[in-house]
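Visitor: If you want the building blocks of each chain, they are given just below.
Protein chains: 2
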Amino acid sequence: MSTAELDAGVAARLKRDDRGLVAAVVQDASSLAVLMVGWMDDVALARTLATRRTTFWSRSRGAYWVKGETSGNIQTVREVRLDCDGDTVLVTVDQVGPACHTGAATCFDDGLLELS
Amino acid sequence: MSTAELDAGVAARLKRDDRGLVAAVVQDASSLAVLMVGWMDDVALARTLATRRTTFWSRSRGAYWVKGETSGNIQTVREVRLDCDGDTVLVTVDQVGPACHTGAATCFDDGLLELS
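From first to last, the protein sequence lines are chains A and B.
Sequential numbering of the first sequence, starting at 1, is according to full-length UniProt numbering.
Sequential numbering of the second sequence, starting at 1, is according to full-length UniProt numbering.
Rather than coming from a laboratory, the hints here were simulated on the basis of the structure.
Built from N, CA and C at the ideal position, the CB exists for glycine as well.
Partial list, derived from the structure: chain B residues whose beta carbon lies under 7 Å from chain A:
id: 1; residue: V10
id: 2; residue: A23
id: 3; residue: V25
id: 4; residue: V34
id: 5; residue: L49
id: 6; residue: A50
id: 7; residue: V80
id: 8; residue: C84
id: 9; residue: T88
id: 10; residue: T102
id: 11; residue: L112
id: 12; residue: L113
id: 13; residue: S116
According to the in silico footprint, chain B covers these stretches of chain A (three or more CB under 8 Å from chain B):
id: 14; stretch: 45 to 52
id: 15; stretch: 76 to 83
id: 16; stretch: 99 to 106
Take these sequences, add in the hints, and give me the full structure.
Guide: Given below as C-alpha cells:
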C-alpha cells in the first residue's frame with residue numbers, strides 16, 4: 001500500500017463528514033458517464049493522487065479498497081478535482097471493464113426511478 | 001413546497017447515512033459535465049421526483065433548498081437513478097446558467113488537484 005501523505009494545503013480545504021470522509025464521484029474520461037460514487041478519507045485521497053489508482057474507504061467494511069484490485073476492472077486516474085465547498089472530489093478515470101461489481105457498466109445502469 | 005411522499009419501494013432501497021441522507025450527483029444532460037453534488041433525504045428526493053426541480057438538504061444550514069430558487073439557475077430533472085447499493089442518486093438535468101454559486105459552470109471548475 002502507498003504511504004503517501006495528503007498535501008497540507010489540500011487537507012485544509014477538505015470538509016469531511018462525521019466519519020472523516022468526502023464523496024468521490026468517478027467519471028469515465030471517454031464516455032463522461034458517471035460510473036460510481038465511493039468515499040475517501042485523507043489517506044484514500046492521498047493514495048489515489050499518488051498511485052493513479054482509485055482508492056476508497058468502505059463504510060460498510062471499515063477498510064480501504066483499491067478499485068479493480070480483485071476484479072481487474074481498474075480505474076486509472078486522469079484528473080482529481082475538489083468542489084467549491086470541499087466535501088466532494090470528482091475523479092476522471094480510464095475504466096477497464098465494467099465499473100460496477102454487478103457487471104454493469106456503471107452503478108446507475110439498473111436504477112432508473114419513476115418521476116412521480 | 002411540495003408535499004410529495006417517497007414511494008415505499010424506493011424508500012426501502014435507500015441506504016441513508018447517519019443523517020438520513022444520500023449523495024445526489026447532478027449531471028448536465030447535454031454536456032454530461034458533473035455539475036455539483038448535493039444531499040437528499042427522503043423528502044428532498046420525493047420533491048425532486050415530483051416537481052422536476054432538484055431539491056436538496058443543506059447539511060450546514062439544516063434546511064431544504066431548491067436549486068435556482070434564488071439565483072434563477074434552475075435544474076430541470078430529466079432522470080433520477082439510484083446506484084447499486086442505494087446510497088447515491090444520479091440526477092440528470094437541464095441546467096439554466098452556471099451550476100455553481102461562485103458563477104462557475106460547475107462546482108469542480110476551479111478545484112484541480114495535483115497528482116503527486
